[in-house]
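Undergrad: So the chains spell out like this:
2 protein chains.
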Amino acid sequence: MTEQPTATPSDQDFLRLDGQICFALNAASRAFGGLYRVVLKDLGLTYPQYLVMLVLWEHGEMPVKEIGQHLRLDSGTLSPLLKRLEAAGLVRRERSAEDERSVRAGLTEEGSALRARAAEVPRRIVAATGFELAEVVELQARLSRLTAALDAALPLEEAREA
Amino acid sequence: MTEQPTATPSDQDFLRLDGQICFALNAASRAFGGLYRVVLKDLGLTYPQYLVMLVLWEHGEMPVKEIGQHLRLDSGTLSPLLKRLEAAGLVRRERSAEDERSVRAGLTEEGSALRARAAEVPRRIVAATGFELAEVVELQARLSRLTAALDAALPLEEAREA
DNA sequence: GGGCATTGAATTGTGCACAACTGAATTGCG
DNA sequence: CGCAATTCAGTTGTGCACAATTCAATGCCC
Numbered sequence: 001m002t003e004q005p006t007a008t009p010s011d012q013d014f015l016r017l018d019g020q021i022c023f024a025l026n027a028a029s030r031a032f033g034g035l036y037r038v039v040l041k042d043l044g045l046t047y048p049q050y051l052v053m054l055v056l057w058e059h060g061e062m063p064v065k066e067i068g069q070h071l072r073l074d075s076g077t078l079s080p081l082l083k084r085l086e087a088a089g090l091v092r093r094e095r096s097a098e099d100e101r102s103v104r105a106g107l108t109e110e111g112s113a114l115r116a117r118a119a120e121v122p123r124r125i126v127a128a129t130g131f132e133l134a135e136v137v138e139l140q141a142r143l144s145r146l147t148a149a150l151d152a153a154l155p156l157e158e159a160r161e162a
Numbered sequence: 001m002t003e004q005p006t007a008t009p010s011d012q013d014f015l016r017l018d019g020q021i022c023f024a025l026n027a028a029s030r031a032f033g034g035l036y037r038v039v040l041k042d043l044g045l046t047y048p049q050y051l052v053m054l055v056l057w058e059h060g061e062m063p064v065k066e067i068g069q070h071l072r073l074d075s076g077t078l079s080p081l082l083k084r085l086e087a088a089g090l091v092r093r094e095r096s097a098e099d100e101r102s103v104r105a106g107l108t109e110e111g112s113a114l115r116a117r118a119a120e121v122p123r124r125i126v127a128a129t130g131f132e133l134a135e136v137v138e139l140q141a142r143l144s145r146l147t148a149a150l151d152a153a154l155p156l157e158e159a160r161e162a
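Protein chains in written order, with my numbering: chain W, 1 to 162; chain S, 1 to 162.
Just so you know, the hints here were simulated from the structure itself, not pulled from any lab data.
Hints should not be assumed to be uniformly reliable.
[To be verified] DEER-style ranges, computed between Cβ atoms:
#1 T108/W / D151/S: 28 to 38 angstroms
#2 A113/W / S112/S: 53 to 63 angstroms
#3 D99/S / E158/W: 44 to 54 angstroms
#4 G89/S / R37/W: 27 to 37 angstroms
#5 D99/W / E61/S: 52 to 62 angstroms
#6 A141/W / A152/S: 18 to 28 angstroms
#7 W57/S / S75/W: 33 to 43 angstroms
#8 E120/S / A148/W: 21 to 31 angstroms
#9 S144/S / G106/W: 13 to 23 angstroms
#10 S75/W / L43/S: 42 to 52 angstroms
#11 A148/W / D151/S: 36 to 46 angstroms
Yeah, the Cβ is synthetic: ideal placement off N, Cα and C, and Gly gets one too.
Take the sequences, apply the hints, and build the full model.
TA: Rendered as structure tokens:
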């Protein structure tokens, strides 16, 4: 055995492939994080904070819940993050009037002004990838499909706990 | 203006694209983490701990430094992680004889035995992606190229601090 | 209207990532 | 040889991710 050119892969093949693909994704994500860390240092933002600011720059004030839906993050991550942005003077938070459970987050003057200084960030990042725009777009599409598939598969795996 | 069908993208275009690609990668990485969390729960491993075990299963005992090179992680992350694996009885650590600075990490009996129970993990993960094997391989190659490009670009960006 | 489930934010606790630093061992160079 | 630079692991501190819990506000159904 162990000589099937294009036959069904063995558990060994899967194990090695798994080590490669999950690590490749993990490494790419962290490499991105490292680059953003350097590029965003002048702005005083971390990578996740930048993502929140992108959402607010594009859509304006919204409830914490809605930010979480945009970024796939829950209040456990967002609450302290938004507090730090508030302490930095970039974000303003206030309880919603019509629903006292909800907290709306919006930009301060300073937070809005930061958008101009952030304008060059994306171009630098894309340039650093060395990818053509079309390739970036295709990779993004593939990753989104991957995320959707994984999210869909998760409940099925959880159901295995029987 | 704002009507250049295929012309050079504006800063606005980059800003939106940026939000998509960096977020897509981030989201995919976290979706993977969530799936692994469920699948690995029986084994009592976290996702990064599983990556370390994969390295040790494949290559056997090695210095902490070398594990870090495989996984692109430093001692600040690995030291406590290996301690937890040691506390769980899966990993054994000892100072190297010929170089007292180095600590070699290896598998215990129990750690080696866990490999058998982990055998089905990769197949479940790959299945959950809904991707063909060839597509997984190609995605992995693209991500590796991306990581290499980002790592190469990082020093250039750091040099901008002038 | 009263009781009960649901929702939204916040908090707590665990673990990972990384920068900065410490300290000990080793290397290399004059 | 002797001492400075380097290397390796570990620690500390900050921030993110996420599960689990808490608590108040809201919605719902009888």
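Undergrad: All the hints need checking, so say for each whether the structure fits it.
TA: Verification of the supplied hints:
1. T108/W / D151/S: 28 to 38 angstroms: 36 angstroms, holds
2. A113/W / S112/S: 53 to 63 angstroms: Because 58 angstroms falls inside the window, the suggested range holds.
3. D99/S / E158/W: 44 to 54 angstroms: 46 angstroms, holds
4. G89/S / R37/W: 27 to 37 angstroms: At 36 angstroms between Cβs, range holds.
5. D99/W / E61/S: 52 to 62 angstroms: 58 angstroms, holds
6. A141/W / A152/S: 18 to 28 angstroms: 25 angstroms, holds
7. W57/S / S75/W: 33 to 43 angstroms: At 38 angstroms between Cβs, range holds.
8. E120/S / A148/W: 21 to 31 angstroms: Since E120/S and A148/W have Cβ atoms about 24 angstroms apart, the given range 21 to 31 angstroms holds.
9. S144/S / G106/W: 13 to 23 angstroms: Distance hint for S144/S, G106/W is violated at roughly 40 angstroms.
10. S75/W / L43/S: 42 to 52 angstroms: 29 angstroms, violated
11. A148/W / D151/S: 36 to 46 angstroms: 28 angstroms, violated
When each numbered hint is compared with the structure, violations occur for hints 9, 10, 11.
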